[in-house]
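Chemist: Using the sequences and the hints given, assemble the complete structure.
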Amino acid sequence: AQKVTQAQTEISVVEKEDVTLDCVYETRDTTYYLFWYKQPPSGELVFLIRRNSFDEQNEISGRYSWNFQKSTSSFNFTITASQVVDSAVYFCALSEGYTGTASKLTFGTGTRLQVTL
Amino acid sequence: AAGVIQSPRHLIKEKRETATLKCYPIPRHDTVYWYQQGPGQDPQFLISFYEKMQSDKGSIPDRFSAQQFSDYHSELNMSSLELGDSALYFCASSLRQGSYGYTFGSGTRLTVV
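From first to last, the protein sequence lines stand for chains A and B.
Terminal number for the first sequence in my numbering: 117, no gaps in between.
Terminal number for the second sequence in my numbering: 1113, no gaps in between.
These are computed hints drawn from the structure, not numbers from a lab.
Treat each hint with caution, since some may be false.
Stated by the list, open to error - A few chain B residues that don't get close to chain A, going by computed Cβ distances all over 12 Å:
#1 I1012
#2 T1020
#3 K1022
#4 D1042
#5 L1046
#6 D1056
#7 R1063
#8 E1075
Unchecked claim - For each label pair, taking beta carbons as the anchor points, the in silico distance ranges come out as:
#9 B:I1012 / A:V14: 18 to 24 Å
#10 B:N1077 / A:R112: 41 to 47 Å
#11 B:T1018 / A:A81: 27 to 33 Å
#12 A:E17 / B:A1002: 49 to 55 Å
#13 B:E1075 / A:V14: 44 to 50 Å
#14 B:I1012 / A:T9: 25 to 31 Å
#15 A:T30 / B:H1010: 41 to 47 Å
#16 B:S1086 / A:R112: 19 to 25 Å
All residues carry an ideal CB built from backbone N, CA and C; glycine is no exception.
Modeler: As C-alpha cells, then:
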C-alpha cells in the first residue's frame, strides 16, 4: 500500500523568507509518480509538478524548487522568497505506475502555509 | 485549453435527499476519477473509470454510485445524504489511466443541511 506523509501541519513565515515543505512517501512499486498540488482558499487543486521515480534530477521553476531523493523516499518542495500569494494548503501525492487499472492519487494530509507581511 | 468541467459548483441538499454531480473530462481523456475532500482533510479517492468501465474503487459508501457514459462524462449519484457527506468533490481526468498525469476540475461543494 502506498502512503504519503507530510509531517508539517502548518507553517508560518514572513514574506521573503524561504520555506521548505517536507514530503515522505512509501510504496512497494519501482515505478511511481510524485506530485505537488497547491490548494488556495478558493478550493481548486492547482498542479505544480509531476516527477517519475526514474528521474531524480532536481527541478527549479521560478521561485519553486523540488528535491527528490529516492534514498530517503522524500520529495521536498522549497519556495524561495515567499510571497503572500503563496499562502495555501500544499499537498504531496503519489500514484503507482501502470498496474492495469487507473492509477489513483494518494495524497498526504497537506501543509498549510501562511505567509504574512 | 479545455479543462475538466464539474457541475454544479455548489449544491445544498437536505438530509436523506439525493444529489447528482457531473464531470466532463478533457476531450480525448479516457479515464475519470472521483475524490472526496472533507473540511480540513486531504482528498480521498472514491472511484475511477477507464473506457466507461469501473477501474478501481476506494472508500466509496454503498449509498453512492457512479458511472461513465458513452461520451466519457461521468456522474456521481449520492442517495440518502448525511451531514457527513458535506465535502468538496473533485473529478479528475487523464489519458491512459494516469500515464500522463491528471487534470482536476474546480470541484463541487456539497453542503448537506
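Chemist: What are the numbers of the hints the structure violates, in ascending order?
Modeler: Hints 4, 5, 6, 9, 10, 11, 12 contradicted; others consistent.
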